[in-house]
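K.L.:
Chains as they are written, first to last, in the numbering used here: chain A, 1 to 155; chain B, 1 to 143.
Derived from the structure by calculation, the hints contain no laboratory data.
Heads up, a few of these hints could be off.
Said to hold, decoys possible - Chain B stretches covered by chain A per the calculated footprint, using a threshold of three residues with CB under 8 Å from any CB of chain A:
hint: 1; region: 49-63
hint: 2; region: 89-103
hint: 3; region: 116-123
hint: 4; region: 126-133
As the list claims (entries may be wrong) - Which residues of chain A face chain B? A partial, calculated answer using Cβ under 10 Å:
hint: 5; residue: 101
hint: 6; residue: 109
hint: 7; residue: 117
Said to hold, decoys possible - For each label pair, taking beta carbons as the anchor points, the in silico distance ranges come out as:
hint: 8; chain 1: B; residue 1: 82; chain 2: A; residue 2: 13; range: 30 to 38 Å
hint: 9; chain 1: B; residue 1: 105; chain 2: A; residue 2: 103; range: 24 to 32 Å
hint: 10; chain 1: A; residue 1: 98; chain 2: B; residue 2: 127; range: 14 to 22 Å
Just so it is clear, the structure is predicted and the values come from calculations on it, not from any experiment.
Quick reminder that beta carbons are idealized off the backbone N, C-alpha and C, glycines included.
Given next are the chains, with one letter for each unit.
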Amino acid sequence: MAEQPPAGAWQRSVDLPSERGASRLVTDELLEQLGAHGWPPDDIFAIHLAAEEALVNAVVHGNRLDPAKRVHVECLISGQLVRLEITDEGEGFDPASVPDCTLEERLESPSGRGVMLMRSFMTRIEYNERGNSVLLEKRRGDPPAAEPPAPGQSS
Amino acid sequence: MVKLQGFRVDAPAGGSPATGDKERKAMATHQRIDVSKTGDVSVVRLLDQKILDETAIQELGAELFSLVEVDNRKAILLDFEGVEFLSSAALGKLITFDRKVKTAKGRLKMCGISPGILEVFQVTKLNKVFDIRDDLAEALAAF
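Let's have the full structure, built from the sequences with the hints guiding it.
P.N.:
Written as structure tokens, this is what we have:
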């Protein structure tokens, strides 16, 4: 069941061409709206990063820069929630098949960090079954998943 | 259309546009980085606030690699002061650069990293691969 969009939320639906640099066609506006909805800089950084990674994945790995294919982006931004749904026209992939880039033997591999960054910086990330569509959510006030335990704050 | 007789746009004598381009290219300095020397250390400032555009990342990679492969620099400090954002594609270039420096038996350190980018390094455990220092002074002292 789709939730009702919160009052005052900004919504946008965009189709992007499958070319390098296309992400800016949506991220510029996204950043502006995040600021307008009072999101703090740390969260804006996280959302920007996740959006960028997801969009580049869709354009480059999903649609393989095929000019005949588009990347469909649904955005919702309110003061409490950011939801981005990014869908490409590729064959999809199994996110579980992406090797863990933090394993010792993969630490110096120059690629394969996008999905991990999205997972760490967002509250929720879900792929559809085919693996050509990703849903990213960030809820206001969530601690970043990657935050190391703060020393001396256990009591 | 009025044809002006007797007027001529001055063209460089014997010069063709192609020659001009070539000269410009040869004179071109770095676009993505600023390199200075402090003692034996090459201090490399990253000039882009946001490192995410594919072309910019390719250029950044080429300019960084040339520091090792062309200039043969052995002690390099990458100063991130002013860099607000980078994507995983840029991480790839940094990893390759780090590897090239190590292969050439050089030393690479990094400093001036914003909290957000530091978190990216921590999440991906690249903070274990890169030699990251708090600020310029500490980094320089560590060479």
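K.L.:
Hint numbers the structure violates, sorted upward?
P.N.:
none
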